[in-house]
Amino acid sequence: DAGVTQSPTHLIKTRGQQVTLRCSPKSGHDTVSWYQQALGQGPQFIFQYYEEEERQRGNFPDRFSGHQFPNYSSELNVNALLLGDSALYLCASSRRGQGLHGYTFGSGTRLTVV
Amino acid sequence: GENVEQHPSTLSVQEGDSAVIKCTYSDSASNYFPWYKQELGKGPQLIIDIRSNVGEKKDQRIAVTLNKTAKHFSLHITETQPEDSAVYFCAASISKAAGNKLTFGGGTRVLVKP
Chain A
740 DAGVTQSPTH LIKTRGQQVT LRCSPKSGHD TVSWYQQALG QGPQFIFQYY EEEERQRGNF
800 PDRFSGHQFP NYSSELNVNA LLLGDSALYL CASSRRGQGL HGYTFGSGTR LTVV
Chain B
60 GENVEQHPST LSVQEGDSAV IKCTYSDSAS NYFPWYKQEL GKGPQLIIDI RSNVGEKKDQ
120 RIAVTLNKTA KHFSLHITET QPEDSAVYFC AASISKAAGN KLTFGGGTRV LVKP
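The listed protein sequences derive, respectively, from chains A and B. Residue numbers for the first sequence follow our numbering, beginning at 740 and rising by one. Residue numbers for the second sequence follow our numbering, beginning at 60 and rising by one.
No lab work stands behind these hints: they were computed from the structure. Glycine included, each C-beta is placed from N, C-alpha and C at the ideal position. A portion of the hints provided could be inaccurate.
For the chain A half of the interface with chain B, some residues (derived, Cβ under 8 Å), not all of them [what the hints assert, rightly or not]:
hint: 1; residue: Leu778
hint: 2; residue: Gln780
hint: 3; residue: Gly781
hint: 4; residue: Tyr842
hint: 5; residue: Ser846
From chain B, some residues computed to sit far from chain A (all C-beta separations above 12 Å) [what the hints assert, rightly or not]:
hint: 6; residue: Ala122
hint: 7; residue: His135
hint: 8; residue: Pro173
For reference, chain B alone in the conformation it holds in the complex (with noise of 0.2 Å):
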């Protein structure tokens, strides 16, 4: 099954700093590859997502880029304010009519230091 790795664990930045979020998957078949933001006591919120035909998309001070051939998927968050401190999960899932799972990493605490 898909196996997705993230990286680093923890990432503590100065605020207006930029912060970046690797991310790799093992599945070719793989089409959609969502960020979540998880803060303290609620459940993961889409904060933005890929599909595999893109290999780049911004929001704002968000963007992130997929490389298919190396199977791999970074969110970038630029000008990080003290909000930005959160958890952060990327996932993986191959998109069918039959039904859809994620696949997540195991995540990335950020601070971003006042």
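The following block holds chain A by itself, in its conformation from the complex (with noise of 0.2 Å):
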């Protein structure tokens, strides 16, 4: 049974540019949500999707979107890229219902920006 993943694993942006992340949730979970870690820190919540919605959002500037498609894969957008965007994004699905306990998260983009 495949778990979340992640594409792509790595990349290099530049500043100014505008970034795609993608992410495939565990099978049978219908819930999708974005975290961004920078290096040494634990993980920041940026958005949930749920049933093609964003659901709840944290503390993060509008240049970052997201996207729910029907398969229940995601996307995270972020636009004019700055140094500070520089971090691992990670992907963490779930089933609706079964709260946080089934919580599962990929392995990550580790996004450069130069």
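Join the two chains, each given in its own frame, into one complex according to the hints.
Structure (structure tokens):
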């Protein structure tokens, strides 16, 4: 059973560019959450998607946006990249009604902004 | 919003000894407290969790305790082994039907010396 898969695993972007990260949830999961993990820090919640709508949002600017598709996969878009956006971006999936116990993280996408 | 603090930031123990990591949280409404282990190049993996109606939970060499009055919880690893070396994160959440997000501590880098 495949877990949460994220792509790409690594990428390098230039300041001001835009980036799209992708996430496929674990089989049977319908909710996707995105986190940003700066080097040496704990993950920070960006937003959560369920039924193709953003349900909750953390303290991140509008440059961060997302989308969820009918097959429950999700994208994270970041516009006008800043050096400070360099981080590991984690996707976590879960199933509505199961709370957080079934929360499963992917291995992340390492974004470097130069 | 919720704030989670974690101590120590690094912990070095001799193989076979015990390791203890402590976390405090700020929001008394938090009712779910998971612990994650993150190895290099991987996403966080749930190792144990506890809900607010329980004071202690054990799973083989791992145990977690929760003091709701003091708003702190701890992870105890006994008989440490080299494969326990990793970064450990505590987190807190208010589990609700409308959506769930985790607030993480800053992490503890554990090194188990053979």
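Do the hints match the structure? See the list:
| no. | hint | verdict |
| --- | --- | --- |
| 1 | Leu778 | violated (11 Å) |
| 2 | Gln780 | holds (6 Å) |
| 3 | Gly781 | holds (3 Å) |
| 4 | Tyr842 | holds (7 Å) |
| 5 | Ser846 | holds (5 Å) |
| 6 | Ala122 | holds (18 Å) |
| 7 | His135 | holds (20 Å) |
| 8 | Pro173 | holds (25 Å) |
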